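Read top to bottom, the protein sequences are chains A and B. Here the numbering used here is used: the first residue of the first sequence is 1, the next is one more, and so on. Here the numbering used here is used: the first residue of the second sequence is 1, the next is one more, and so on.
Since the hints were made in silico from the structure, they are not lab data. Here the structure is a predicted model, which means the values were calculated and not measured. All C-beta atoms in this analysis are idealised placements derived from N, C-alpha and C, irrespective of residue type, glycine included. There's no promise every hint is true.
When the alpha-carbon atoms are kept at most 30 Å apart in a straight line, the in silico BS3-like pairs for lysine-lysine are as follows [claimed, not checked]:
| # | chain 1 | residue 1 | chain 2 | residue 2 |
| --- | --- | --- | --- | --- |
| 1 | A | 301 | A | 278 |
| 2 | A | 191 | B | 143 |
| 3 | A | 4 | B | 141 |
| 4 | A | 204 | B | 106 |
| 5 | A | 227 | B | 111 |
| 6 | B | 120 | A | 85 |
| 7 | A | 240 | B | 111 |
| 8 | A | 4 | B | 111 |
| 9 | B | 47 | A | 85 |
| 10 | A | 193 | B | 35 |
| 11 | B | 120 | A | 191 |
| 12 | A | 80 | B | 120 |
| 13 | B | 141 | A | 193 |
| 14 | A | 191 | B | 111 |
| 15 | B | 128 | A | 159 |
| 16 | B | 35 | B | 120 |
| 17 | A | 193 | B | 26 |
| 18 | A | 4 | B | 106 |
| 19 | A | 193 | B | 144 |
| 20 | B | 141 | B | 62 |
| 21 | A | 80 | B | 47 |
| 22 | A | 80 | B | 35 |
| 23 | A | 85 | B | 106 |
| 24 | A | 4 | B | 144 |
| 25 | A | 159 | B | 106 |
| 26 | B | 128 | A | 14 |
| 27 | B | 141 | A | 14 |
| 28 | B | 143 | A | 159 |
| 29 | A | 159 | B | 35 |
| 30 | A | 159 | B | 144 |
| 31 | B | 144 | A | 191 |
| 32 | A | 204 | B | 141 |
| 33 | B | 35 | A | 191 |
| 34 | A | 85 | B | 111 |
| 35 | A | 238 | A | 22 |
Some but not every residue of chain A turned toward chain B, in silico, with C-beta under 7 Å [said to hold, decoys possible]:
| # | residue |
| --- | --- |
| 36 | 82 |
| 37 | 89 |
| 38 | 90 |
| 39 | 106 |
| 40 | 109 |
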Amino acid sequence: MGIKSLVNIDDYDKDDIYRIIKSASLFKQNPNRNLLQGKVCATLFFEPSTRTRLSFETAVNRLRGRIIGFSDAATSSSTKGESLKDTIMMVSNYADLIIMRHHLEGSARYASEISPIPVINAGDGSNQHPTQTMLDLFTIYETQGTLEDLTITIVGDLKYGRAVHSLIQGLSHFRPRFNFVAPEELHIPDKYKTFCENHQIPYKEFTEFSPEAINSADILYMTRVQKERFTDLMEYEKVKNIYILHNRMLDDSKENLKVLHPLPRVKEINQDVDANPKAYYFQQAKNGMYTRQAIICDLMKIGG
Amino acid sequence: MGKELQVAALENGTAIDHIPVDAVFKVVSLLQLQKLQNRITIGNNLKSSKMGSKGIIKVSDKFFREDELNRIALVAPNVNLNIIRNFEVVEKKKVILPDEIIEIMKCNNPKCITNNEPMKTRFHVTDKENVELQCHYCEVKVKKEDIVLQ
Chain A
1 MGIKSLVNID DYDKDDIYRI IKSASLFKQN PNRNLLQGKV CATLFFEPST RTRLSFETAV
61 NRLRGRIIGF SDAATSSSTK GESLKDTIMM VSNYADLIIM RHHLEGSARY ASEISPIPVI
121 NAGDGSNQHP TQTMLDLFTI YETQGTLEDL TITIVGDLKY GRAVHSLIQG LSHFRPRFNF
181 VAPEELHIPD KYKTFCENHQ IPYKEFTEFS PEAINSADIL YMTRVQKERF TDLMEYEKVK
241 NIYILHNRML DDSKENLKVL HPLPRVKEIN QDVDANPKAY YFQQAKNGMY TRQAIICDLM
301 KIGG
Chain B
1 MGKELQVAAL ENGTAIDHIP VDAVFKVVSL LQLQKLQNRI TIGNNLKSSK MGSKGIIKVS
61 DKFFREDELN RIALVAPNVN LNIIRNFEVV EKKKVILPDE IIEIMKCNNP KCITNNEPMK
121 TRFHVTDKEN VELQCHYCEV KVKKEDIVLQ
């Protein structure tokens with residue numbers, strides 16, 4: 001309660017997570033409200049990310065807030081050599097809230113320390129992207145009716161996947177069980193295995209996308225295996241088709257299973273899954289807007 | 001060798017003994033000794049019954065602040081500090097790694113904001129025993145052997 005900025009999913013404790021989820025579900029029922037009338041939100045995208053920016057900007061627009069900002073560092077003063085500090089100080093003269101994406105890790109933490117107005121981290125390099133985690137948690141709660149005691153199977157790039165690491169942290173309050181499915185080169189870093197052990201979170205590791213990993217899951221969280229992550233391209237060729245979800249693989253899955261994906265999807269979920277009612281990734285993306293409405297109003301202390 | 005002193009005795013000042021040989025010049029830099037006008041004796045690769053070989057630094061007429069001395073713990077957590085007055089050891093100290101390290105070291109992550117903005121670095125000590133730190137900004141962990149001083 002009462003945090004000034006959202007930089008890291010760890011900034012939220014269990015109560016904060018439930019408060020945002022409750023608020024997001026109210027925004028989902030009624031997303032068009034006047035709550036941000038007279039407020040100016042700055043979207044500072046030093047690194048382009050159309051999907052995330054549109055989600056934030058739609059969230060603000062539907063609450064009647066106004067937007068200033070830039071969608072690419074090329075159109076900002078940072079190309080003239082302005083420091084991040086100066087950009088933040090200038091923008092905080094004009095706006096009531098900063099939503100920031102930056103390619104440098106730790107930039108959002110630094111911005112939140114120097115800014116007199118709240119900062120939302122919309123992704124800082126490969127470090128954190130907490131609104132993605134909150135929309136994942138909201139979607140899991142919405143589809144399962146709870147966050148507690150769920151089995152989550154996470155598939156794909158578990159080594160570099162920022163969304164995956166933050167999801168593990170975000171779910172750690174709720175006694176989850178994890179199945180980690182990844183090729184040898186992209187398996188879950190020891191840091192997160194230790195994190196699970198320290199939080200008494202049971203996990204299993206798989207190198208094959210096996211029926212056991214799918215059929216025991218309440219949530220199947222798919223991520224992209226990116227070619228550029230491999231040092232050995234032979235290795236990529238070997239594994240690239242192993243971690244593809246086809247509709248038939250869901251035949252024996254649990255009734256309540258939902259398939260999530262942080263998007264963009266490339267090939268890792270075959271299009272024949274899209275029509276299955278267990279596919280929920282497009283609704284998940286839409287939930288991002290409601291979750292961001294909830295987070296923005298919470299930080300600005302505006303009742304939702 | 002006999003009882004012959006390997007480094008001249010100090011009348012007043014601070015003697016830092018049992019420095020690992022690879023850490024001596026890091027200690028010099030951590031204490032900013034190059035900026036001092038005091039008489040300084042630096043010995044390295046000296047024989048030590050405890051360590052095999054060791055380094056030693058003696059600084060005349062200088063009594064460091066606790067927080068200055070504790071920086072040494074980053075590179076040499078087991079040094080012995082002797083405060084000397086009138087050729088006598090009046091106080092023996094151990095260095096203690098603080099919970100937070102500000103400014104002294106660089107973050108090893110080239111994509112960290114601290115390597116790209118004119119700002120102070122800040123690290124949380126996550127493991128005092130093995131000297132492991134985490135960047136406050138980019139959250140990357142730094143092990144003792146990877147510490148780069150500024």
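These are the hints, each one checked on the structure:
1. A:301 <-> A:278: Roughly 36 Å between the alpha carbons, so the hint for residue 301 (chain A) and residue 278 (chain A) is violated.
2. A:191 <-> B:143: holds (13 Å)
3. A:4 <-> B:141: Roughly 26 Å between the alpha carbons, so the hint for residue 4 (chain A) and residue 141 (chain B) holds.
4. A:204 <-> B:106: violated (37 Å)
5. A:227 <-> B:111: The given pair, whose Cα atoms are some 21 Å apart, holds under the 30 Å limit.
6. B:120 <-> A:85: holds (13 Å)
7. A:240 <-> B:111: The hint holds at about 28 Å.
8. A:4 <-> B:111: OK: residue 4 (chain A) and residue 111 (chain B) at ~25 Å, within 30 Å.
9. B:47 <-> A:85: violated (51 Å)
10. A:193 <-> B:35: violated (46 Å)
11. B:120 <-> A:191: At roughly 26 Å apart (the allowed maximum being 30 Å), residue 191 (chain A) and residue 120 (chain B) satisfy the hint.
12. A:80 <-> B:120: It holds: about 22 Å lies between the C-alpha atoms, which stays within 30 Å.
13. B:141 <-> A:193: Distance of about 15 Å is within 30 Å: holds.
14. A:191 <-> B:111: holds (20 Å)
15. B:128 <-> A:159: Answer holds: residue 128 (chain B) to residue 159 (chain A) is near 27 Å, not above 30 Å.
16. B:35 <-> B:120: Holds, because 21 Å separates the two Cα atoms, which is no more than 30 Å.
17. A:193 <-> B:26: Status violated; Cα separation ~34 Å.
18. A:4 <-> B:106: holds (28 Å)
19. A:193 <-> B:144: holds (22 Å)
20. B:141 <-> B:62: Status violated; Cα separation ~34 Å.
21. A:80 <-> B:47: The given pair, whose Cα atoms are some 56 Å apart, is violated under the 30 Å limit.
22. A:80 <-> B:35: Since the Cα atoms of residue 80 (chain A) and residue 35 (chain B) sit roughly 36 Å apart, the hinted pair is violated (cutoff 30 Å).
23. A:85 <-> B:106: Holds. Residue 85 (chain A) to residue 106 (chain B) sits at ~19 Å (cutoff 30 Å).
24. A:4 <-> B:144: Status violated; Cα separation ~34 Å.
25. A:159 <-> B:106: Judged against 30 Å, a Cα distance of about 25 Å means the pair holds.
26. B:128 <-> A:14: Given that 30 Å is the threshold and the Cα spacing comes to 29 Å, the pair holds.
27. B:141 <-> A:14: holds (25 Å)
28. B:143 <-> A:159: Holds, because 20 Å separates the two Cα atoms, which is no more than 30 Å.
29. A:159 <-> B:35: Between residue 159 (chain A) and residue 35 (chain B) the Cα gap is close to 45 Å, so the pair fails against 30 Å, i.e. violated.
30. A:159 <-> B:144: Given that 30 Å is the threshold and the Cα spacing comes to 23 Å, the pair holds.
31. B:144 <-> A:191: holds (17 Å)
32. A:204 <-> B:141: holds (25 Å)
33. B:35 <-> A:191: violated (40 Å)
34. A:85 <-> B:111: Status holds; Cα separation ~17 Å.
35. A:238 <-> A:22: Violated, at roughly 44 Å.
36. 82: violated (11 Å)
37. 89: Because about 13 Å separates residue 89 (chain A) from the closest Cβ in chain B, which is outside the 7 Å limit, the hint is violated.
38. 90: violated (15 Å)
39. 106: The hint holds - residue 106 (chain A) has a Cβ within 7 Å of chain B, the shortest such distance being about 3 Å.
40. 109: holds (5 Å)
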